[in-house]
Amino acid sequence: MSDETTTGIDNRKLLMWVFLGSDCMFFASLIGTYLIYKGTGNLDIGPVDVFDIPTTSVSTFVLLMSSMSMVFAYAYLVRNNINAFRIWMVSTIIMGATFLGFQVFEFSEFYFHYDLSPQTNLFGTTFYALTGTHGLHVTVGVVWLAIIFYSSLFRNSVSAETNLDLDLAALYWHFVDIVWIVIFAVVYLFGTFPGFPS
Amino acid sequence: MTSIPLKLPFKLNLSRPTNPTGVMDWITTIDHKKIGILYGVTAFIMFITGGIEALLIRTQLAGPELKIVAPDVYNQLFTMHATTMIFLGVMPLSAAFFNYIIPLQIGARDVAFPRLNAFSYWTFLFGALIMKSSWFLGGSPNAGWFGYAPITTTTFNPGNGIDFWIVGLQVLGIASLAASFNFIVTIINMRAPGLSFMRLPLFTWMTFITAILLVLAFPVITVALIELMLDRTFDFNFFNTKAGANPLLWQHLFWIFGHPEVYILILPAMGIVSEILPTFSKKPVFGYAAMVLAAAFIAFMGWLVWSHHMFTTGLGPIANSVFTITTMLIAVPTGVKMFNWLGTMWGGDIEFNTPVLFSVGFLSMFLIGGISGVMHSFSASDYQQQDTYFIVAHIHYVLFGGAIFAIFAGIYYWFPKFTGRMYDEKLGKQNFWLMFIGQNITFFPMHFVGMQGMPRRIFTYDSEMGWAFWNGVESFAAYVVAFGVLLFIINMIKSWISGPKADGDPWDGRTLEWSISSPPPVYNFLDVPKVESLDDFWHKKQKKNKSVKSKTNPKSIHLPQASYWPMLVSLGLAIAGYGIIYNLVVCGIGLAMVLVTVCAWSWEPVNEPDAH
Ligand SMILES: [Cu+2]
Chain A
1 MSDETTTGID NRKLLMWVFL GSDCMFFASL IGTYLIYKGT GNLDIGPVDV
51 FDIPTTSVST FVLLMSSMSM VFAYAYLVRN NINAFRIWMV STIIMGATFL
101 GFQVFEFSEF YFHYDLSPQT NLFGTTFYAL TGTHGLHVTV GVVWLAIIFY
151 SSLFRNSVSA ETNLDLDLAA LYWHFVDIVW IVIFAVVYLF GTFPGFPS
Chain B
199 MTSIPLKLPF KLNLSRPTNP TGVMDWITTI DHKKIGILYG VTAFIMFITG
249 GIEALLIRTQ LAGPELKIVA PDVYNQLFTM HATTMIFLGV MPLSAAFFNY
299 IIPLQIGARD VAFPRLNAFS YWTFLFGALI MKSSWFLGGS PNAGWFGYAP
349 ITTTTFNPGN GIDFWIVGLQ VLGIASLAAS FNFIVTIINM RAPGLSFMRL
399 PLFTWMTFIT AILLVLAFPV ITVALIELML DRTFDFNFFN TKAGANPLLW
449 QHLFWIFGHP EVYILILPAM GIVSEILPTF SKKPVFGYAA MVLAAAFIAF
499 MGWLVWSHHM FTTGLGPIAN SVFTITTMLI AVPTGVKMFN WLGTMWGGDI
549 EFNTPVLFSV GFLSMFLIGG ISGVMHSFSA SDYQQQDTYF IVAHIHYVLF
599 GGAIFAIFAG IYYWFPKFTG RMYDEKLGKQ NFWLMFIGQN ITFFPMHFVG
649 MQGMPRRIFT YDSEMGWAFW NGVESFAAYV VAFGVLLFII NMIKSWISGP
699 KADGDPWDGR TLEWSISSPP PVYNFLDVPK VESLDDFWHK KQKKNKSVKS
749 KTNPKSIHLP QASYWPMLVS LGLAIAGYGI IYNLVVCGIG LAMVLVTVCA
799 WSWEPVNEPD AH
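From first to last, the protein sequence lines stand for chains A and B. Numbering (this note's numbering) for the first sequence: 1 to 198. Numbering (this note's numbering) for the second sequence: 199 to 810.
FYI, nobody ran anything at the bench for these hints, they're computed from the structure. On a predicted model such as this, the values are computed, not experimentally measured, just so you know. Some clues are possibly wrong.
[Claimed, not checked] Listed next, the in silico DSBU-like pairs over lysine-lysine satisfying Cα-Cα at most 30 Å (straight line): (1) K753/B with K739/B; (2) K13/A with K728/B; (3) K749/B with K481/B; (4) K13/A with K232/B.
[Said to hold, decoys possible] Not close to chain A: a few residues of chain B, all C-beta gaps over 12 Å, as computed: (5) V421; (6) V534; (7) G786.
[Stated by the list, open to error] Cβ-Cβ distance ranges computed for the label pairs, FRET-style: (8) K440/B with E109/A: 24 to 34 Å; (9) I9/A with V221/B: 30 to 40 Å; (10) S157/A with K440/B: 51 to 61 Å; (11) C24/A with A494/B: 14 to 24 Å; (12) G546/B with T40/A: 56 to 66 Å; (13) V140/A with G533/B: 44 to 54 Å; (14) V520/B with I9/A: 31 to 41 Å.
For every residue, glycine included, the Cβ atom is placed at its ideal position computed from N, Cα and C.
All chains, full assembly: derive it from the sequences and hints.
In structure tokens form, the structure reads like this:
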């Protein structure tokens, strides 16, 4: 098998793009379900009652910054500055994990404090399914980055010439980040914005 | 580009299969040709089981008030018949062609991701087994192939059948998605030098468009299935009407997937016919660019018509009018294709052998199905046709007379390429006429009884209704079709074992797969071909260039090596699938197995460095 491709783009990179396109439809369906059910069913407890916009803004900011940190990690890897690459990797992973920590905190707050479970009402069902799916995506991303970081601790296993694995992970990471921006806007901001129909 | 040699924190040592033989060879193979044959044979067996279910349905309906199968078994029969034919029959039969033919048509040695390809097959097989095993594990799904929620929620459907359906479809979806990712990348990235997009054979084009539709449509039904699974397993409220759920949510999600799905079923069939007609008319395809653009337009419009399945749900006159218009619009590019096929044959020196007969059968049957399709695209008239046998007639004209006829045409056409032997032409023609006549007598009268108001999905009917005569005729003719399929099986087995030897190019073919021996060597092309035009192989034959003997040593060609992991990952998925139905601990074990085997797979190089 020759390593050359017709377009010059690596097969795996193309695969990643196609997968992300497919994943877009996956999230679109979940967000669609959420919007269709918004403001219907049992409204005893809803977005206005449970969302804490300042807290979630912080976690959103952390996730956004992790994307920036990812860019630095990649840039240093391409420049073959492995030490700087490692530092930015650690920072990306920590920020990703922090975001997940916020989500765990948020879920437990909703569940124990507000008594909101997926079984409670349509809001609970659609909210947990959508944000839970996103959380799973972030978890996969954190594990993936952690594996790359772990292997970079061994001599000569990560270098500028072999940056494709990181490139793929970075692509995925940015995608998951963008999806969160959409969720944060549609679910959190529009859900609590006073003039917006709920 | 090479990848980072990642270090595993644990050691997984299952030494790689080297030159496996027999069963082990088939289990670990990643050769696209062998996987194509596995796909084809498995899907054909599934097609037969779906046919048996159809015969049981027709037997039950042969006369009024028969009691051959019980009503609840009847519900399972029609659900499983449609699910089988669509997801385990037509789709994987198309996938068999994708696997075998696409790398050959684009001049590649294999697909872009050979192990992913093997994974697709095994996952399809396990998905099919999960679905079919429901017959022996307490009852099959019984809510129709579209599984409308809320009737599929535990409140109305407490048995296990629906769980088998949900899990089976999700596993099959993973298989289809993996295959489609693979073929999109393969067609974009593995083309031979000079083979630009507008020189691609039409079958490759149709595969490409089908794969794009699939990667965009399947996530939608996957979400719907996950939502239903969460409802059934963990008491979520997606389809719980008591909590205020909208009973139309499922229908929207399902048909946003469902209508692109019908093009996923028919576009490959159109591609097959577009290969056969030029070859045997001895003319280039008429209007190549129009064919490609028409297909792309059909695929795009396929996203804007889903509510034509929901005209009677009360969406209102505006929505119904809009979806009427968009649906009717699709008839235009379809008509373009129809005229292009006719134009291809027009004035051609046509040889009416079995593949051509089946292709012409496809054209005429698909035309009838298309016309009845335009009839119920009109929302006002659809109110009378919805859920009657008129729709059953339509669907079978496009999927049996259409897709299945084209698939049979393709099997006959490429049979010499697959096996290196010729099929029996006489048996082939008998097979065609039995199926052609049988299918028309089975399905045409359904238009009549449908117009008389006979509803679908009823297990019997009163003798007073006046439907008995045509139903009797239909049931008789269904057995004629079955007899035709039997002749096909006999032909295939006989010819595969003892048919006369076929050379590499028995049809004076036009595309690259005919430029190599039959069956092709494991590496496909000794030298990667250089393409200069559409139908390049045919043009080169006309120039009568003496082909230069290649100096490449076949031993110097490095092919990807066999692997255990794809099958083991699929097995993990199957275990997780049964776990969701029976026991969540088992599900966890299955998922853990998937995790471990996926890691082992990623750390296994495509080629062992020392195996050169
Ligand atoms: Cu449709």
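Hints and how they fare:
Using a Cα cut-off of 30 Å, the hinted pair K753/B and K739/B holds, with the two alpha carbons roughly 28 Å apart. Restraint check for K13/A and K728/B: the C-alpha separation of about 25 Å stays at or below 30 Å, so the hint holds. Pair hint K749/B plus K481/B does not hold up; C-alpha atoms about 33 Å apart against a cutoff of 30 Å. A threshold of 30 Å between alpha carbons decides the hint, and for K13/A with K232/B the separation of about 27 Å falls inside it, so the pair holds.
A beta-carbon of chain A comes within 12 Å of the beta-carbon of V421/B; the shortest separation is about 4 Å. Every Cβ of chain A is farther than 12 Å from the Cβ of V534/B; the closest lies at roughly 27 Å, confirming the non-interface assignment. Listed as outside the interface, G786/B is consistent with that label: its C-beta sits roughly 15 Å from the nearest C-beta of chain A, beyond the 12 Å cut-off. The hinted range of 24 to 34 Å is satisfied by K440/B and E109/A, whose Cβ atoms lie roughly 27 Å apart.
For the pair I9/A and V221/B, the supplied restraint of 30 to 40 Å holds, since their beta-carbon distance comes to about 38 Å. Roughly 56 Å separates the CB atoms of S157/A and K440/B, a value that falls within the hinted 51 to 61 Å. Range check, C24/A to A494/B: Cβ separation about 20 Å, and the 14 to 24 Å hint holds. A beta carbon spacing of about 60 Å between G546/B and T40/A agrees with the range 56 to 66 Å that was offered as a hint.
The hinted range of 44 to 54 Å is satisfied by V140/A and G533/B, whose Cβ atoms lie roughly 46 Å apart. V520/B and I9/A have their C-beta atoms about 39 Å apart, which keeps the hinted 31 to 41 Å range intact.
In the structure shown, a violation is registered for the earlier hints numbered 3 and 5, in ascending order.
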